[in-house]
Amino acid sequence: MNTVPLKKVTIISEAVLEPEILRMVKELGARGYTTVQARGEGSRGVRASEWEGHNVMVEVLVDAATADRILGHVAEHYFEHYAVVAYLTDVRVVRGGKYTA
Amino acid sequence: MNTVPLKKVTIISEAVLEPEILRMVKELGARGYTTVQARGEGSRGVRASEWEGHNVMVEVLVDAATADRILGHVAEHYFEHYAVVAYLTDVRVVRGGKYTA
Amino acid sequence: MNTVPLKKVTIISEAVLEPEILRMVKELGARGYTTVQARGEGSRGVRASEWEGHNVMVEVLVDAATADRILGHVAEHYFEHYAVVAYLTDVRVVRGGKYTA
Numbered sequence: 001m002n003t004v005p006l007k008k009v010t011i012i013s014e015a016v017l018e019p020e021i022l023r024m025v026k027e028l029g030a031r032g033y034t035t036v037q038a039r040g041e042g043s044r045g046v047r048a049s050e051w052e053g054h055n056v057m058v059e060v061l062v063d064a065a066t067a068d069r070i071l072g073h074v075a076e077h078y079f080e081h082y083a084v085v086a087y088l089t090d091v092r093v094v095r096g097g098k099y100t101a
Numbered sequence: 102m103n104t105v106p107l108k109k110v111t112i113i114s115e116a117v118l119e120p121e122i123l124r125m126v127k128e129l130g131a132r133g134y135t136t137v138q139a140r141g142e143g144s145r146g147v148r149a150s151e152w153e154g155h156n157v158m159v160e161v162l163v164d165a166a167t168a169d170r171i172l173g174h175v176a177e178h179y180f181e182h183y184a185v186v187a188y189l190t191d192v193r194v195v196r197g198g199k200y201t202a
Numbered sequence: 203m204n205t206v207p208l209k210k211v212t213i214i215s216e217a218v219l220e221p222e223i224l225r226m227v228k229e230l231g232a233r234g235y236t237t238v239q240a241r242g243e244g245s246r247g248v249r250a251s252e253w254e255g256h257n258v259m260v261e262v263l264v265d266a267a268t269a270d271r272i273l274g275h276v277a278e279h280y281f282e283h284y285a286v287v288a289y290l291t292d293v294r295v296v297r298g299g300k301y302t303a
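Chains Z, R and Y are the protein sequences, given in the same order.
Just so you know, we're using my numbering here: the first sequence kicks off at 1 and counts up by one.
Just so you know, we're using my numbering here: the second sequence kicks off at 102 and counts up by one.
Just so you know, we're using my numbering here: the third sequence kicks off at 203 and counts up by one.
A few of these clues could be false.
For the chain Z half of the interface with chain R, some residues (derived, Cβ under 7 Å), not all of them [as the list claims (entries may be wrong)]:
hint : residue
1    : T10
2    : L28
3    : G32
4    : T34
5    : V36
6    : V91
7    : R92
8    : V93
9    : V94
Taking beta-carbon pairs under 7 Å as the criterion, some of the chain Y residues facing chain Z (in silico) [what the hints assert, rightly or not]:
hint : residue
10   : M226
11   : T236
12   : V238
Because the hints were derived from the structure by calculation, they are not lab data.
The beta-carbon is built from N, C-alpha and C at its ideal position, and this holds for glycine as well.
Starting from the given sequences, assemble the full structure and let the hints guide the process.
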């Protein structure tokens, strides 16, 4: 089966950030997204404040350059003020050519 | 910890396709599955129609040959008529021997 | 974008095990977790009993040593009595230094 190597970017945040994250990933080049309701707990953010509650997990399939732009934006704009987790996974996507810019 | 390298196949589709996908992955050799409710948006399918709504994410842990059969089936039967995303991730599974044919 | 290679440990189990799993991953070194509601079916466990129902998917981002301890605990304490799936995925995490012991 012919597949294309891409990056899956996963961003987990407080649910209130979801609209902002979806707008951002599309502006930075993602052609689509999947969101899943989640719960979580962690010590994250500048003051390492403890938090627990309703979260959202946003996943996008993008090329490496787009993944880098998205993670850079997350690090620069969200980490200081919000509880956010962001990571990359290598995946191989069927008809992956549709996901690149 | 002893783990076995396997493929995780993730299929994201409109929720209406879930029963068909679950039947298919079992017929093609998956020993189990996990499903998660999701939402999404994307430009996919022959007419690149925009869609947004209730989706399902189906995940199965299988050997490489089974993963290939499942992705081949998805590409051949679903991509033309449905909004579907399908991709592979390399994983290492505890007691992974149970998942192979 | 600067990222740190970590392991994502995914544990899928019957929902009744969730509090026990969350306590265990924190005791073994995870700094946080994400949980997602799931459904599933599989033949797992000592009697290969068939099961279908409400599950929980727990994900933690940890270093390789912590991942190994968590998977070892799952294999030793849960597999005999519960329907549990556990696997590792390699990921690259933004500000990943926060997740290590």
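Subject >> Interface hint for Z:R92, Cβ within 7 Å of any Cβ on chain R >> reply: Status holds, d = 4 Å.
**OP:** Using 7 Å as the Cβ threshold, decide whether Z:V36 counts as touching chain R.
**Re:** Nearest chain R Cβ about 5 Å off; hint holds.
Original post:
Minimum Cβ distance from Y:M226 to chain Z below 7 Å?
Top reply: violated (14 Å)
Original post:
If you take the shortest Cβ to Cβ gap from Y:V238 to chain Z, is it below 7 Å?
Top reply: holds (5 Å)
Original post:
Holds or violated: is there a CB of chain R closer than 7 Å to the CB of Z:V93?
Top reply: holds (4 Å)
**OP:** Return the status of the interface hint for Z:V94: holds when the least beta-carbon distance to chain R is below 7 Å, violated otherwise.
**Re:** holds (4 Å)
**OP:** Let me know if the C-beta of Z:T34 comes in closer than 7 Å to any C-beta of chain R, holds or violated.
**Re:** holds (4 Å)
Original post:
Regarding the hint that Z:G32 lies at the interface with chain R, is the smallest CB-CB distance below 7 Å?
Top reply: holds (3 Å)
Original post:
Does the CB of Y:T236 sit less than 7 Å away from some CB of chain Z?
Top reply: Where the cut-off is 7 Å and the nearest Cβ of chain Z is about 4 Å from Y:T236, the hint holds.
Original post:
Was the hint right that Z:T10 lines chain R, CB cutoff 7 Å?
Top reply: violated (11 Å)
Subject >> Proposed interface contact between Z:L28 and chain R, which counts if any beta carbon pair is under 7 Å >> reply: violated (15 Å)
**OP:** Return the status of the interface hint for Z:V91: holds when the least beta-carbon distance to chain R is below 7 Å, violated otherwise.
**Re:** holds (4 Å)
Consistency with the previously given hints fails for numbers 1, 2, 10, ordered from lowest to highest.
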